Amino acid sequence: MLQLSRDTLLDAYTRMRTIRDFEDRVHTEFATGAIPGFVHLYAGEEASAVGVCLNLNDADYIASTHRGHGHCIAKGCDVGGMMKEIYGRRGGLCGGKGGSMHIADLAKGMMGANGIVGGGPPLVCGAGLAAKRLGTGGVAIAFFGDGASNQGAVHESMNLASIWDLPVIFLCENNQFAVTTSYSTTVAVEHVSDRAPAYNMPGVLVDGQDAIAMYEATVEAVRRARAGEGPTLIEGLTYRFEEHSLGLGRVRRGEYRTEEDIDRWRKRDPIVIHEERLISQGIATREECDAVNAETQEEVERAVEFARNSPFPEESDLFEDMWANPIPQP
Amino acid sequence: MSKKSYRQAINEALAQEMRRDPTVIVMGEDNSGGMGAPGEDDAWGGVLGVTKGLMPEFGRERVLDTPITESAFIGAAAGAAATGLRPVAELMFVDFMGVCFDQIYNQAGKFRYMFGGNAVTPLVIRTMYGAGFRAASQHSQCLYPIFTHVPGLKVVIPSSPYEAKGLMIQSIRDDDPVIFFEHKVMYDDEEEVPDEPYTIPFGEANLTREGGDVTVVAIGRMVQFANQVADKLEKDGIGCTVIDPRTTSPLDTDSILESVEETGRLVVVDEASPRCNMATDISALVSQEAFGALKAPIRMVTPPHTPVPFAPELEDLYIPNPDKIEAAVREVVGYGA
Ligand SMILES: Cc1ncc(C[n+]2csc(CCOP(=O)(O)OP(=O)(O)O)c2C)c(N)n1
Ligand SMILES: [Mg+2]
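Protein chains in written order, with the numbering used here: chain E, 1 to 330; chain V, 331 to 667.
Looking at chain E on its own, in the form it has when it is part of the complex (with noise of 0.2 Å):
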């Protein structure tokens, strides 16, 4: 293992249960119809998020899912804002536009959310671009699902990264289920990292429920990239607790994902991994992570509070933000 300090350790436990206390109060704030929309939960997967952002700065690029929320946080953005957000509000990170799926904050190098599964890939090869041209130092990394691993601008995407040796990581987060269908039955290969070579990058299987295992693997593809050394393609294999989505149909529990396969992942909780080699090494006490969870719980009800009592927008946001120099409407 890479020597780590106690702050980045620490952090990334913080990371991890502010994703979690979220994604939890978004789920109880969606009970009650507060929500609109649909939403998808991140919760199950933080260590993909947290252990790949913690290597980046504010000049790296990331490319998010429509299973965005994690990888916002992880990346920076305010808890605040995306709550707002979530509820449509004024002030929220887009104003109310985008909504769950579309959160962006291109400052903090948060590229969007996005409703359009297999969306990502090409923009990051974009940034890595722009990042190469502007001699930023900056790297690019679009986190897919499985299913999306299979889209055809996700292939395109991985080919013209690796001829132009773009700064760009290729992060699928594989959660074994594209709604309702396991990988094993849309991927032709065992793992979608094994597909790396027909690019001529390397592949790298991760243990997804391990934060510093996601975090060492990209510390070497962060790493290639920055020394123009071109893209690298990491497979987190991780799992979904909660069900595909809030709000747009319903599958039950046991219909798609056996009560066993559930229970043990559950089991396998990444934040619960993180406390206990946290406690076990020495690093923070039960009551350290404890308070740590404290305040992460009270940012994320903070959040709510700040989102519940934010104005709605108004009929002249309808308009704005429609052109660099405004059009005006017939």
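Among the hints, erroneous ones may be present.
[Said to hold, decoys possible] Covered by chain V, per the in silico footprint, the following chain E stretches (three or more residues, Cβ under 8 Å):
#1 85 to 99
#2 220 to 233
[Unchecked claim] Cβ pair distances, simulated, as ranges:
#3 E260/E - K333/V: 38 to 48 Å
#4 K333/V - N325/E: 45 to 55 Å
#5 R266/E - K333/V: 35 to 45 Å
#6 L134/E - A449/V: 25 to 35 Å
#7 T413/V - A59/E: 44 to 54 Å
#8 E520/V - A198/E: 45 to 55 Å
#9 E298/E - K333/V: 43 to 53 Å
#10 N436/V - A198/E: 50 to 60 Å
#11 D653/V - R308/E: 45 to 55 Å
#12 K333/V - R302/E: 42 to 52 Å
#13 T136/E - P634/V: 32 to 42 Å
#14 E260/E - F445/V: 45 to 55 Å
[To be verified] Reference excerpt, derived from the structure (chain V facing chain E, CB under 10 Å, subset only):
#15 E359
#16 S362
#17 G364
#18 P397
#19 E400
#20 D425
#21 G428
#22 F431
#23 S467
#24 Q468
#25 T636
#26 P639
#27 G666
Because the hints were derived from the structure by calculation, they are not lab data.
Remember, predicted model here, so these are calculated numbers, not experimental data.
Just so you know, even glycine gets a beta-carbon here, dropped at the ideal spot from N, CA and C.
Using the hints, position chain V with the ligands against chain E.
Leaving out everything else, chain V with the ligands in the frame of chain E:
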């Protein structure tokens, strides 16, 4: 005859046609669902349950769950259609057309003409459209004008459960590629629908209301709103003929023109973005062909030219509604008075 939802009406049409014709297959993401859990099948039936029950009856050979690779499976459906099957492929949200449009407009839509008539492409693409679901910019669009623009594609937009069943059966039996638009907020709408199979021909508009003062042409879900307005205004002595074209390609131009010849006034209601949509198309048709009959300028009721916003307050302002239609009708009736 029994009460059926829009969802059930489409499901019944699919099942009846699959029973009748073994070359009919359906495919799409999670069309049955449950792949991966042994012994668990048909968990999902498509994201809104339209294909539920098909897999247990017809088996996985005819009900295919696909990877999330629209370009490949929509293209495969087009190729299978040209070589002997009658595929009904589901493009879950029409917004995803961006991923697979080449297979639709350059391939399927052009086969017959470009190959000098030696290809037949009995393809149906079912797809969900429309705002009102708080689904934001990439899951709420009404992209039928883009498909209508393409020569070689037929575009079907059922406005009720009865229409949905008859038009779906016609779509499956039709020998050309059909894009079948299902409005996502209408799936639970119910009405009396015959149990036996029936077809509704393409290119024959349905006059859902008849009145002498104004012609209101409305598309898809907007037909419901136009009917509401017609019923309300009838009490105020304003007679509206509401025309549901049912298909935007082919378009029943005769019914529209005949009606405008009678009423002299036209309002077109279209949920699609306002530039180059059905409202502009039908307005142009009427200005060119029935100019002499017009007693007032044509009015188009459409959303503004913006993406669909997420916040409910903004989305509600965005979508055309009965109040806006009523105002337009009153405006053309009062014109010059
Ligand atoms: C192009 C496109 N096709 C289909 C969908 C509908 N859809 C949204 S999420 C999803 C499943 C995605 O699975 P995966 O990539 O594994 O991500 P996960 O949901 O497991 O995080 C599907 C089919 C979409 N949004 N975009
Ligand atoms: Mg997945």
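Hint check results:
no.	hint	in the structure
1	85 to 99	holds (count 7)
2	220 to 233	violated (count 0)
3	E260/E - K333/V: 38 to 48 Å	holds (41 Å)
4	K333/V - N325/E: 45 to 55 Å	holds (53 Å)
5	R266/E - K333/V: 35 to 45 Å	holds (42 Å)
6	L134/E - A449/V: 25 to 35 Å	violated (49 Å)
7	T413/V - A59/E: 44 to 54 Å	holds (52 Å)
8	E520/V - A198/E: 45 to 55 Å	holds (51 Å)
9	E298/E - K333/V: 43 to 53 Å	holds (51 Å)
10	N436/V - A198/E: 50 to 60 Å	violated (27 Å)
11	D653/V - R308/E: 45 to 55 Å	violated (29 Å)
12	K333/V - R302/E: 42 to 52 Å	holds (49 Å)
13	T136/E - P634/V: 32 to 42 Å	holds (37 Å)
14	E260/E - F445/V: 45 to 55 Å	holds (53 Å)
15	E359	holds (7 Å)
16	S362	holds (9 Å)
17	G364	holds (4 Å)
18	P397	holds (4 Å)
19	E400	holds (8 Å)
20	D425	holds (7 Å)
21	G428	holds (7 Å)
22	F431	violated (12 Å)
23	S467	holds (7 Å)
24	Q468	holds (3 Å)
25	T636	holds (6 Å)
26	P639	holds (5 Å)
27	G666	violated (22 Å)
The structure does not agree with the numbered hints 2, 6, 10, 11, 22 and 27 stated previously, though it agrees with the rest.
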